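K.L.:
In the order they appear, the protein sequences are chains A and B. Sequential numbering of the first sequence, starting at 1, is according to the numbering used here. Sequential numbering of the second sequence, starting at 1, is according to the numbering used here.
Hints were generated in silico from the structure; no laboratory data involved. Remember, it's a predicted structure, so these values are computed and weren't measured experimentally. C-beta: ideal position from N, C-alpha, C; glycine also. Among these hints, one or two may not hold up.
If you anchor each label on the Cβ, the simulated ranges turn out as follows [said to hold, decoys possible]:
1. A:Thr106 with B:Arg117: 47 to 53 Å
2. B:Val35 with A:Leu55: 53 to 59 Å
3. A:Pro575 with B:Phe4: 38 to 44 Å
4. B:Arg117 with A:Leu370: 44 to 50 Å
To be clear about the criterion: a stretch of chain B counts as covered by chain A if any three or more of its residues have a C-beta under 8 Å from a C-beta of chain A, and this derived list gives those stretches [as the list claims (entries may be wrong)]:
5. 68–80
6. 233–241
7. 288–300
8. 335–347
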Amino acid sequence: MTIGTPLVRQDAVGKVTGAARFGGDRMVDGALEGVLVRSQVGAGEVVAFDVARALQVAGVVRIFGAGELGVTGPLEHWAAGQATVPLSDHRIRHHGQPVAMVIADTRAAAIEAAGLVQVTVEPGSVRVSLPEFLDQTIEIKDWAPTHSAVGDVAAGLEGAVVTVTGRYTTADRHHLAMEPSVVVAEWTGGDLELWTSTQWVFGVRAALAQALGVAADRIRVRTGPVGGGFGAKGSTWPHEILAAAAARVLGRPVRIRLSRAETFVAHGHQPATVQDVTLGAAADGTLLAIRHQSVSAAAMDDDYVEHGSLGSRTMYRCPNIETRDRIVRLHRPQPTFMRAPHEGPGMTGLEIAMDELAERLAIDPVELRLRNYADADPTSGKPFSSKKLRDCYTLAADAFGWSRRTPAVGSMRDGPSLIGWGMASCLMSTFRFGGAARIIIRRDGSVRIETGSHEIGTGVSTILPQIAADVLGVDPARIEVALGDTTLAEAGGTFGSATTIGVGSAVHAAATKLRASLEGLAGEPGLEPAEYSEVLKLRQLDQLAEVGSWAPKREEGAFAMNAYGAVFVEVRLDPIVRLPRVSRCVGAYSVGRIINPRTARSQAVGGIIWGIGQALLEESRIDPVSGRFIAEGFGGYRVPCNADVPDIEVMFAEEFDGHASVLGARGVGEIGTIGVGAAVANAVYHATGIRIRDVPVRI
Amino acid sequence: MHPFEYRKVASAAEAIAQSADRRDAIYLAGGTEVVNWLKDGIVTPSLLIDLSACEFDRVSLDAETLSIGGLARMATVAADPAVQQIAPAITQAIEASASPAIRQMATIAGNLLQRTRCPYFLGARHSALGTRPSALGTRPASAERRVPSAEPCNRRVAGSGCGVVAGDQVGAAILGASPGCVATHPSDLAVVLAVLEAELVVQGEAGRRILGVEALYPVTADPAVENTLLRGELITAVRVPVGRAAGRARYLKIRRRASFDFALVAAAGYWLVEDGVVADVRLGFGGVAARPWRARTAEAHLIGRQPTAESVARAVAAELANAVFLPGNRYKADLLAAAATKLLLDPPGLP
Numbered sequence: 001m002t003i004g005t006p007l008v009r010q011d012a013v014g015k016v017t018g019a020a021r022f023g024g025d026r027m028v029d030g031a032l033e034g035v036l037v038r039s040q041v042g043a044g045e046v047v048a049f050d051v052a053r054a055l056q057v058a059g060v061v062r063i064f065g066a067g068e069l070g071v072t073g074p075l076e077h078w079a080a081g082q083a084t085v086p087l088s089d090h091r092i093r094h095h096g097q098p099v100a101m102v103i104a105d106t107r108a109a110a111i112e113a114a115g116l117v118q119v120t121v122e123p124g125s126v127r128v129s130l131p132e133f134l135d136q137t138i139e140i141k142d143w144a145p146t147h148s149a150v151g152d153v154a155a156g157l158e159g160a161v162v163t164v165t166g167r168y169t170t171a172d173r174h175h176l177a178m179e180p181s182v183v184v185a186e187w188t189g190g191d192l193e194l195w196t197s198t199q200w201v202f203g204v205r206a207a208l209a210q211a212l213g214v215a216a217d218r219i220r221v222r223t224g225p226v227g228g229g230f231g232a233k234g235s236t237w238p239h240e241i242l243a244a245a246a247a248r249v250l251g252r253p254v255r256i257r258l259s260r261a262e263t264f265v266a267h268g269h270q271p272a273t274v275q276d277v278t279l280g281a282a283a284d285g286t287l288l289a290i291r292h293q294s295v296s297a298a299a300m301d302d303d304y305v306e307h308g309s310l311g312s313r314t315m316y317r318c319p320n321i322e323t324r325d326r327i328v329r330l331h332r333p334q335p336t337f338m339r340a341p342h343e344g345p346g347m348t349g350l351e352i353a354m355d356e357l358a359e360r361l362a363i364d365p366v367e368l369r370l371r372n373y374a375d376a377d378p379t380s381g382k383p384f385s386s387k388k389l390r391d392c393y394t395l396a397a398d399a400f401g402w403s404r405r406t407p408a409v410g411s412m413r414d415g416p417s418l419i420g421w422g423m424a425s426c427l428m429s430t431f432r433f434g435g436a437a438r439i440i441i442r443r444d445g446s447v448r449i450e451t452g453s454h455e456i457g458t459g460v461s462t463i464l465p466q467i468a469a470d471v472l473g474v475d476p477a478r479i480e481v482a483l484g485d486t487t488l489a490e491a492g493g494t495f496g497s498a499t500t501i502g503v504g505s506a507v508h509a510a511a512t513k514l515r516a517s518l519e520g521l522a523g524e525p526g527l528e529p530a531e532y533s534e535v536l537k538l539r540q541l542d543q544l545a546e547v548g549s550w551a552p553k554r555e556e557g558a559f560a561m562n563a564y565g566a567v568f569v570e571v572r573l574d575p576i577v578r579l580p581r582v583s584r585c586v587g588a589y590s591v592g593r594i595i596n597p598r599t600a601r602s603q604a605v606g607g608i609i610w611g612i613g614q615a616l617l618e619e620s621r622i623d624p625v626s627g628r629f630i631a632e633g634f635g636g637y638r639v640p641c642n643a644d645v646p647d648i649e650v651m652f653a654e655e656f657d658g659h660a661s662v663l664g665a666r667g668v669g670e671i672g673t674i675g676v677g678a679a680v681a682n683a684v685y686h687a688t689g690i691r692i693r694d695v696p697v698r699i
Numbered sequence: 001m002h003p004f005e006y007r008k009v010a011s012a013a014e015a016i017a018q019s020a021d022r023r024d025a026i027y028l029a030g031g032t033e034v035v036n037w038l039k040d041g042i043v044t045p046s047l048l049i050d051l052s053a054c055e056f057d058r059v060s061l062d063a064e065t066l067s068i069g070g071l072a073r074m075a076t077v078a079a080d081p082a083v084q085q086i087a088p089a090i091t092q093a094i095e096a097s098a099s100p101a102i103r104q105m106a107t108i109a110g111n112l113l114q115r116t117r118c119p120y121f122l123g124a125r126h127s128a129l130g131t132r133p134s135a136l137g138t139r140p141a142s143a144e145r146r147v148p149s150a151e152p153c154n155r156r157v158a159g160s161g162c163g164v165v166a167g168d169q170v171g172a173a174i175l176g177a178s179p180g181c182v183a184t185h186p187s188d189l190a191v192v193l194a195v196l197e198a199e200l201v202v203q204g205e206a207g208r209r210i211l212g213v214e215a216l217y218p219v220t221a222d223p224a225v226e227n228t229l230l231r232g233e234l235i236t237a238v239r240v241p242v243g244r245a246a247g248r249a250r251y252l253k254i255r256r257r258a259s260f261d262f263a264l265v266a267a268a269g270y271w272l273v274e275d276g277v278v279a280d281v282r283l284g285f286g287g288v289a290a291r292p293w294r295a296r297t298a299e300a301h302l303i304g305r306q307p308t309a310e311s312v313a314r315a316v317a318a319e320l321a322n323a324v325f326l327p328g329n330r331y332k333a334d335l336l337a338a339a340a341t342k343l344l345l346d347p348p349g350l351p
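Throw the hints in and build the complete structure from the sequences for me.
P.N.:
In structure tokens form, the structure reads like this:
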């Protein structure tokens, strides 16, 4: 069995030695460089261009304004990060929106010329601030229901002995992947090959097909190792469309490299949320009512809903639950999924409210959660596919030493330092995408897996061989993996913590078929792996390939599927300065079977660090006048550095979820980020008595 | 592209001579600031004079003075035994600055000559700076350079206004600001040097002069004047008086991130308590003004008082009597009082 062993990442050495070739390392002969001229007003209309001086810059080939690229919107495919296509009309919808594109022989020339393009704008009135427009929320149709209701919340609250109600907020956040996106588009006749840094090559192909009016089978999309995505590269964004369109018009390859500053406007962010949560409970802590209404900041003409209330539909047993997710349209770039979408911001509100309820009732926060433990989804009524959250509470609480917590505010100290202990439940909806994989065994016994999935740093290229090795009985070191190409078997996007389930299961299916075929060739079952080469030789085959696929089954829709967890944190504050730092963290997770404990642990630890960012540091501040996200770099946007990261211990509940996937696995990529914001806020309350309802914490 | 000439010089005298006939020349030392300015279009010199081969990079000590070369690397200075023994707050301030990698490159003089990290000064750093409606159409066709800042900033474009006033105010100054500029100075070291009453040795065309470190910065924030150096002048050394202040002062930096972050506020100083009252005190603040802020009002307030948190709070309140707050930076008053209290009552230990 190689599943369950902590194999070292297949891509580790290349990445730490610099041998890994990222998109920006690709040199394409004759490629032109595109630089986007971006609006520096938040709203308005482009009324005139003057490109005369820009065209004088040596090396400038062409300057495109609106309507000159043969691209149109709106894009309907969900792979498009936004429906609107820049440069297809003259309207300015947000600061940073492309209003022109300079193409030149060199990037330096393009940048210089871009600075000389004179754009005359009729500015419109700009609306930016979410708090200011909270009276203008709207509900839109989205991939998930934007509201839910079971029972009668008003009646539940009437019967409640204790009611907690509060407004909770989360900040705008940016993904800040280390690798800014690079795209290179090259046409050969009517065929497009596009290299881009993406988490979903097939999604880019689908969105490009619509934007360009080209059949999908004339488009090949490829990606190398992705230098971090976190959702920002999960969808197709304007720079990818514009590079392809410009290359088509000019008949030459076009490359667009986003600058660090552009990553703040070019491919989404996690929008700020304002959440109103009301909980009603009986004296023993039994929840009688949950109401969770979340509002997220949205773009003017593009739809993205941060489903902040999603987790509250499922987390606790309660007869009366009402949730609603609304948006406010503002002059902001289009938001998008960011690790972890929906429950990432949303569980913050619910789990701080639960802490408030525990305090009001004088019930231990873990005990309150156990008393409201859901054995079936309280909104849909469906049973859970598998849920080991009780184990998580126990594992993490024991490892953390929770029983030593004294509940009184400010009661725990280490010398003069104030200490607070807080915890939260974690829950994330499980996403499952169908996928396929091809697997090839060669006469020398080596194996190759081919699938249009992606290595975004999570360990995909390490666990796929483990899965195949388990079926075939071969050494995973003899299994190579080809990813990131639409000429390979189709796979879903590498996001939503869904790749192990979808692509992993497809590899399992392919390997199973291959083994059966080998046994068929041998004419006997129970073939030894050492005999594979012999069988191929005997049948005079150089290699043998099989394609396997996997898709969620209809009958599995009878189950509610989620990742679960419990996270415990300790914060310390100097009693005078009172700036919280996380000093210890323990998380335990129920995510199904663990394929590789090393990469799984890495995902969970990375997730917790990401959550510490949400809890204490990350907020993308926006200029209320222009709508500019003002950070524009690592200097202005704080993510945790090593000194912010304490000892982190993670554990996984023993589990096999046969309903979620053939492997028994669910997703592990994002659950670690969830709950940390609330746990830290609750710990700060425990230390100081200051109730934190806004993250990042500011006291 | 902004083409510029690059010359490497071997001495301060040569550097000064080179800059004399090129009005827009600038000096390059560690490069951790200047290179960013060049990339962001904040400066557009025609000549870059590289000082890295010059030799005013030594630390020396005599009975009265600790002398630190202007070109000394921050990491070198922080690790210097004489610095640690004579003026440990310098080591504290440097180790609280930037990151280890940057401290290996950055120089002492360069640290003092940093420019603000105000997000309006840094402006829109998109790869292309194109549309700026207020200037569009009205911009003279003869303008040589692209619009250097998307947003109002009097430091970037004289007379363009200050974006902070109607914008994001969380980092804005509360002391010594002018209506046209509420930027803060980012240096940690400068705060300590102000408290230690260090002097700068400055060399220029007119020869050598000595400047108190506080005199390097305008008294009131002036968007047109980053510092009081004359064109072509170099800071060749920082001189720290050996004595009680240098020996006792400590530095406390309050920042959101535990490392690699600028100060929300900072405090430097010490007090000496005799017969139960404050007999001697020095106090300076960072993160509150476009200069290191020597809190002389607070110092005067503390002399003769009991060394308590209440005394410190009152002293800081007195210092802030003339502070001007914006809605977004009011938090700095309480945080500053906390920093000063912590510094004086429970000073950070030495490594």
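K.L.:
Confirm or reject each hint.
P.N.:
How the hints compare with the structure:
no., hint, verdict
1, A:Thr106 with B:Arg117: 47 to 53 Å, "violated, 30 Å"
2, B:Val35 with A:Leu55: 53 to 59 Å, "violated, 30 Å"
3, A:Pro575 with B:Phe4: 38 to 44 Å, "violated, 52 Å"
4, B:Arg117 with A:Leu370: 44 to 50 Å, "holds, 47 Å"
5, 68–80, "violated (count 0)"
6, 233–241, "violated (count 0)"
7, 288–300, "violated (count 0)"
8, 335–347, "holds (count 7)"
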